[in-house]
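As given, the protein sequences belong to chains A, B and C, one line each in that order.
With this note's numbering as the guide, the letters of the first sequence map in order to residues 1 to 382.
With this note's numbering as the guide, the letters of the second sequence map in order to residues 1 to 271.
With this note's numbering as the guide, the letters of the third sequence map in order to residues 1 to 288.
Treat the hints with care, since some could be wrong.
Partner residues aside, some chain B positions facing chain A, computed with beta carbon under 7 Å [claimed, not checked]:
#1 Gln164
#2 Ala165
#3 Leu169
#4 Asp172
#5 Leu184
Simulated crosslink set (DMTMM-like; lysine to aspartate or glutamate; CA at most 25 Å straight-line) [stated by the list, open to error]:
#6 Lys178(A) / Asp77(A)
#7 Lys108(A) / Asp70(A)
#8 Lys131(A) / Asp172(B)
#9 Lys129(A) / Asp159(B)
#10 Lys98(B) / Glu289(A)
#11 Lys271(A) / Glu294(A)
#12 Lys271(A) / Glu282(A)
#13 Lys131(A) / Asp36(B)
#14 Lys178(A) / Glu196(A)
#15 Lys131(A) / Glu102(A)
#16 Lys116(A) / Glu102(A)
#17 Lys108(A) / Asp172(B)
#18 Lys49(B) / Glu131(C)
#19 Lys227(B) / Asp36(B)
#20 Lys227(B) / Glu100(C)
#21 Lys179(C) / Glu100(C)
#22 Lys108(A) / Asp67(A)
#23 Lys116(A) / Asp64(A)
#24 Lys179(C) / Asp159(B)
#25 Lys129(A) / Glu176(A)
#26 Lys49(B) / Glu233(B)
#27 Lys129(A) / Glu110(A)
#28 Lys182(A) / Asp319(A)
#29 Lys313(A) / Glu221(A)
Over the 10 Å line for every Cβ pair with chain B, so calculated as not near, a few chain C residues [unchecked claim]:
#30 Phe39
#31 Arg42
#32 Gln51
#33 Ala58
#34 Leu84
#35 Ile115
#36 Leu127
#37 Ser136
Read the hints as simulated data drawn from the structure, not as lab findings.
We treat Cβ as the ideally placed atom computed from N, Cα and C, and that holds for glycine.
Here is what each chain is made of, one letter per residue.
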Amino acid sequence: MATVLRLVDLCKNFDSTPVVRNVNLEIRGGEFFTFLGPSGCGKTTTLRMIGGFEQPTSGRILLDGQDITDLPPFLRDVNTVFQNYALFPHMTVVQNVAFGLEMRGASKAEIASRVKKMLAIFGLTGLEKRKPAQLSGGQQQRVAVARSLVLHPRVLLLDEPLAALDAQLRRQIQIELKEIQKSSGVTFVYVTHDQEEALSLSDRIGVMREGVLEQVATPREVYSRPATRFVAEFVGENNILPVRVIGSQGGDTLLEMGHIRVVARDGRVAKGQPAVLAIRPENICLHAERPVGEGNLLAGVVRECLYSGTSLKVVLQLDSGQRLLVQTQAGASFQPEDRVWAAWRPENGRVLPDHPVPHGQVLPGHPPNPQPGSRRRGRWPG
Amino acid sequence: MYRTRAGTWGLTILAALVYFFLYAPILLMAVYSFNDSRLNITWQGFTWKWYLSLWQNAYVLEAMGNSLVVAVVSTLLSVVLGTTAAYGLYRFRLRTAKLLEGLIFIPLVVPDVVLGVSLLVLFVLAGISLGLHTIIIAHSVFGIAYVAVVVRARLAGLDPNLEQAAMDLGADWWTCFHRIVLPLILPGVVAGGLLAFTVSMDDFVVTFFTAGVGSTTLPLRIYSMLKLGISPEVNALSTILVVVIALLVLIAQLVLRRGANNQSNYVGKEW
Amino acid sequence: MKETDRAPAWFRSLMGTPPLLWLTIFLGIPLLLVVAISFTTRGTYGGVVYQFSLASYAMLLDPLYVGIMVRSLGMATVATLVCLLAGYPLAAYIAAAGPERRRWLLMLVIIPFCINFLIRTYAWMVLLRSEGLINSLLMATGLIESPLAMLYTPGAVLLGLVYIFLPFAVLPIYASLEKLDPHLVEAASDLGARGGQVLRRVVLPMAAPGIAAGALLTFIPSLGMFVVTDLMGGSRTMLVGNLIQNQFMAARNWQLGSAASVLLILMVLVGLGIYRRLFPAEGGMGDV
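Please work from the sequences and hints to get the whole structure.
If you want it as structure tokens, here you go:
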């Protein structure tokens with residue numbers, strides 16, 4: 001599909017501190033695109049530059065090939081759903097939704113019919129006369145989206161629109177949003193720090209870190225083939241094990257972890273470079289007896305078993321001292337102090353260039369202690 | 001708050017004494033306004049005559065009219081200039097922001113007598129004759145400060161996203177200001193205007209220096225009556241004003257409370 | 001984050017310029033004129049001769065004027081202290097009341113606050129004068145033979161100042177006490193503090209900004225007050241406010257009046273400076 005929105009070398013500094021660095025991106029028509037990253041990564045600033053609320057330090061923004069970088073917000077055919085909704089508190093639901101059409105000078109009849117249709121789509125019929133303060137959080141959220149979508153913008157920008165809602169309502173509205181995006185055909189550019197939300201909603205995800213767009217890919221690819229160590233850590237749970245690249249053999253990369261050799265099918269890290277091996281917990285098999293045959297194998301002792309209903313998470317302490325998180329079937333019977341072997345297939349290990357995580361930095365949404373059942377964790381502390 | 005029983009009693013007595021101190025003189029003054037004796041000392045019987053003679057006192061009525069004209073015009077000026085100053089300071093990084101902030105702050109801290117003489121100096125040196133117009137200008141100076149302070153407080157509670165949302169939906173700067181910002185800060189604008197109006201009606205010191213012949217306001221008239229000495233008419237006039245003020249405060253109180261109740265109704269309907 | 005770059009110039013000037021111009025002309029320039037005139041020479045007939053001179057400031061060093069300054073400072077300080085001592089218990093009493101009673105009690109403070117101070121001064125004049133109620137009562141009970149001279153004394157001026165500015169002290173103190181979380185007091189007593197200790201260690205430090213604001217709101221206007229002195233002090237109690245008023249209205253010595261004004265402003269600034277130093281976060285009196 002054709003490109004709707006293009007960001008060219010987009011940079012933004014706040015008081016000479018770069019918050020967005022050289023972002024280049026093409027967003028396609030009808031796409032659900034998500035900027036994913038921890039708070040402070042520059043995703044919201046990027047969105048606000050597209051919306052016209054921040055002036056880029058350098059770079060261009062093109063909408064349908066036209067440069068809109070210097071246009072004020074009211075001359076851009078993009079609309080924003082704000083994180084706190086920014087509903088006009090002195091106006092009713094109808095007045096809020098009609099506001100944009102009114103600004104465009106639409107006729108009274110047209111405004112009335114379009115607003116009515118919009119309210120019906122969003123299940124807001126009957127609340128027309130209410131003021132925002134008289135609505136529930138979910139209703140406010142729907143009004144905010146309806147208010148922007150009624151204008152049929154080329155691109156709808158959504159800045160963490162579900163952050164203020166409780167978990168159950170959030171899941172429900174996620175489904176609604178996805179349906180509305182599909183049926184309306186409007187391009188959505190979405191910002192969130194919630195990787196699960198990004199994975200389930202998006203056609204494509206752009207993962208940002210410290211102002212840099214680290215990977216742009218489909219959810220499946222971001223999850224299974226993270227481009228950087230950060231992406232591997234931030235999206236889903238991952239075991240990050242420091243390794244040394246010692247060579248390659250066919251399509252495989254030979255790695256050394258301490259004295260143990262392991263093999264990974266992919267890898268773009270040259271010999272000698274600092275590297276890590278990322279393995280998803282669910283891709284590791286646990287064996288009570290040392291298995292025979294080929295494959296990567298690490299020995300360790302069970303330290304902790306966390307039962308979550310659908311699965312059992314086992315924390316191993318490897319012989320090398322590192323910790324390894326393994327997700328196995330709920331029925332598996334492992335006990336603390338059991339000696340076990342962890343095995344995984346070469347294609348399930350991803351070799352990534354290492355980058356030092358700044359000392360003491362805890363990524364938001366990544367509590368330093370593991371929590372049972374939590375899928376929001378990136379890196380397993382090793 | 002945690003207190004001993006003795007402490008509570010002590011506090012109650014102290015508070016009662018302070019209230020007595022605040023009200024006894026005013027109440028006595030009011031009582032004596034009905035006393036049928038020019039000397040105002042011993043009670044000689046109830047009368048309305050001081051109020052009647054007040055009603056026939058053309059000077060007082062004229063002064064009342066002058067005060068109203070000054071208060072209305074200076075309040076209008078203050079509301080417009082004070083609101084734009086507050087919005088300008090809130091919204092833009094004006095190059096002159098520091099200066100403007102300073103100028104708004106000055107009337108709140110500089111003693112009135114200095115404000116008064118400084119304006120007198122300006123008017124005399126500029127050859128502007130003193131009259132109602134100079135009083136209006138003088139009152140607008142502190143009126144702007146009061147309005148700006150109140151409106152700024154209101155603006156500080158305004159969600160900046162609202163303006164951005166309005167622009168996002170196609171409103172230009174002016175539309176955004178008068179459709180979104182103004183309705184939302186209106187309570188602040190009204191409150192600031194009421195404050196400016198009250199202070200203007202009440203002001204004596206600055207008016208004293210900027211009034212000319214024939215532009216006597218009510219406080220100036222009261223002052224000259226006081227200078228002439230104690231008279232039951234002054235008691236009567238003061239009593240009227242005290243009653244008016246008390247009623248206004250009472251009304252304001254009731255209105256504010258209704259507003260607060262409405263607010264909580266909103267919250268109640270939220271689910 | 002404010003987006004300031006995009007507002008068109010016309011809109012920005014519409015919002016910023018008129019109030020700036022107005023206040024510059026009618027506030028900034030007049031004050032500068034006063035400062036400038038304080039450094040000029042007095043003409044033979046009282047006019048302004050634009051020639052640099054420190055004569056007015058030298059004149060202020062005269063014991064007569066030094067006395068006035070000292071008396072003004074002293075009077076304002078004592079009035080402020082009395083207002084705080086009387087105002088704190090009242091504020092504490094109101095803050096301790098239930099929400100409904102509190103509204104009414106507060107209203108009873110606001111009403112005198114709103115009544116013109118000339119009227120409130122007058123109320124005391126009626127009481128204090130020789131033929132007034134107090135003297136009449138005292139004479140009737142035979143406590144005194146002849147009326148006491150109460151009006152037209154420094155004591156009367158002090159009383160007038162306290163009476164006028166007491167609500168100015170109560171309101172900010174109340175505001176700070178009202179914000180005080182009652183749990184803090186409970187926590188302190190839970191941790192073993194007794195009544196006096198709770199007050200000293202917890203309540204007063206938390207109420208300090210309000211007390212200071214109340215002090216400032218009493219001190220500054222007391223310092224410049226000339227009407228109360230004029231009406232209740234007679235000719236013997238001259239304060240700096242009266243000095244300024246006299247020089248501009250009667251004596252026609254603008255230079256001396258301006259110099260006294262400059263001095264008054266400096267005194268206010270010192271008071272304000274102390275307040276700002278003590279409570280940098282409060283940002284002045286704008287919120288009172």
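Hint check results:
1. Interface hint at glutamine 164(B): satisfied, since its Cβ lies 5 Å from the closest Cβ of chain A, which is below the 7 Å cut-off.
2. With a least beta-carbon distance of about 4 Å to chain A, the hint placing alanine 165(B) at the interface is held under the 7 Å criterion.
3. Taken as an interface hint, leucine 169(B) checks out: its beta carbon lies about 4 Å from the nearest beta carbon of chain A, inside 7 Å.
4. For aspartate 172(B), the interface hint holds, the least distance from its beta-carbon to any beta-carbon of chain A being 5 Å, beneath 7 Å.
5. This hint holds: leucine 184(B) has a C-beta 6 Å from the nearest C-beta of chain A, less than the 7 Å allowed.
6. The suggested pairing of lysine 178(A) with aspartate 77(A) holds, with an alpha-carbon distance near 21 Å, which does not exceed 25 Å.
7. Taken as a hint, the lysine 108(A) and aspartate 70(A) pair is broken in the structure, with Cα atoms around 31 Å apart against an allowance of 25 Å.
8. Distance restraint check for lysine 131(A) and aspartate 172(B): the Cα-Cα separation of roughly 24 Å lies within the 25 Å cut-off, and the hinted pair is therefore satisfied.
9. Pair hint lysine 129(A) plus aspartate 159(B) holds up; C-alpha atoms about 22 Å apart against a cutoff of 25 Å.
10. For the given pair, lysine 98(B) sits about 76 Å from glutamate 289(A) by alpha-carbon distance, which is inconsistent with the 25 Å threshold.
11. A distance of roughly 23 Å separates the Cα atoms of lysine 271(A) and glutamate 294(A); the hinted pair therefore holds under the 25 Å criterion.
12. Straight-line distance between C-alpha atoms of lysine 271(A) and glutamate 282(A) comes to about 28 Å, which puts the hinted pair past the 25 Å bound.
13. For the given pair, lysine 131(A) sits about 59 Å from aspartate 36(B) by alpha-carbon distance, which is inconsistent with the 25 Å threshold.
14. Of the supplied pair hints, the one linking lysine 178(A) and glutamate 196(A) holds, its CA atoms being roughly 14 Å apart against a limit of 25 Å.
15. This hinted pair checks out: lysine 131(A) and glutamate 102(A) have alpha carbons roughly 18 Å apart, not beyond 25 Å.
16. Of the supplied pair hints, the one linking lysine 116(A) and glutamate 102(A) holds, its CA atoms being roughly 14 Å apart against a limit of 25 Å.
17. Pair hint lysine 108(A) plus aspartate 172(B) holds up; C-alpha atoms about 20 Å apart against a cutoff of 25 Å.
18. For the suggested pair lysine 49(B) and glutamate 131(C), the alpha carbons sit about 22 Å apart, so the restraint of at most 25 Å is met.
19. Straight-line distance between C-alpha atoms of lysine 227(B) and aspartate 36(B) comes to about 22 Å, which keeps the hinted pair within the 25 Å bound.
20. Taken as a hint, the lysine 227(B) and glutamate 100(C) pair is broken in the structure, with Cα atoms around 42 Å apart against an allowance of 25 Å.
21. This hinted pair checks out: lysine 179(C) and glutamate 100(C) have alpha carbons roughly 16 Å apart, not beyond 25 Å.
22. A threshold of 25 Å between alpha carbons decides the hint, and for lysine 108(A) with aspartate 67(A) the separation of about 32 Å lies outside it, so the pair is violated.
23. Using a Cα cut-off of 25 Å, the hinted pair lysine 116(A) and aspartate 64(A) is violated, with the two alpha carbons roughly 29 Å apart.
24. Simply put, lysine 179(C) and aspartate 159(B) have alpha-carbon atoms about 24 Å apart, close enough for the 25 Å limit, and the pair holds.
25. A C-alpha spacing of about 23 Å is found between lysine 129(A) and glutamate 176(A), which places the hinted pair at or below 25 Å, so the restraint holds.
26. A C-alpha spacing of about 9 Å is found between lysine 49(B) and glutamate 233(B), which places the hinted pair at or below 25 Å, so the restraint holds.
27. For the hint linking lysine 129(A) to glutamate 110(A), the alpha-carbon distance of about 19 Å falls within 25 Å, and the restraint holds.
28. This hinted pair does not check out: lysine 182(A) and aspartate 319(A) have alpha carbons roughly 50 Å apart, beyond 25 Å.
29. Of the pairs offered as hints, the one joining lysine 313(A) and glutamate 221(A) holds, with about 24 Å between alpha carbons and a cut-off of 25 Å not exceeded.
30. No beta-carbon of chain B comes within 10 Å of the beta-carbon of phenylalanine 39(C); the shortest separation is about 13 Å.
31. At the 10 Å boundary, the C-beta of arginine 42(C) stays outside the reach of chain B, the nearest C-beta of that chain being 14 Å off.
32. The beta carbon of glutamine 51(C) sits about 16 Å from the closest Cβ of chain B, which is more than 10 Å, so the claim that it is off the interface holds.
33. Listed as a non-interface residue, alanine 58(C) keeps its Cβ farther than 10 Å from every Cβ of chain B; the least gap is roughly 21 Å.
34. Every CB of chain B lies more than 10 Å from the CB of leucine 84(C), the least distance being 12 Å, so the non-interface label holds.
35. The Cβ of isoleucine 115(C) does not lie farther than 10 Å from every Cβ of chain B; its closest approach is about 5 Å, which violates its non-interface assignment.
36. Look at leucine 127(C): its CB is around 6 Å from the nearest CB on chain B, not clear of 10 Å, so calling it non-interface is violated.
37. Consistency note on serine 136(C): stated as away from chain B, yet its beta-carbon is not over 10 Å from all of that chain's, at 6 Å minimum.
Hints 7, 10, 12, 13, 20, 22, 23, 28, 35, 36 and 37 from the list above are not met by this structure, while the remaining hints are.
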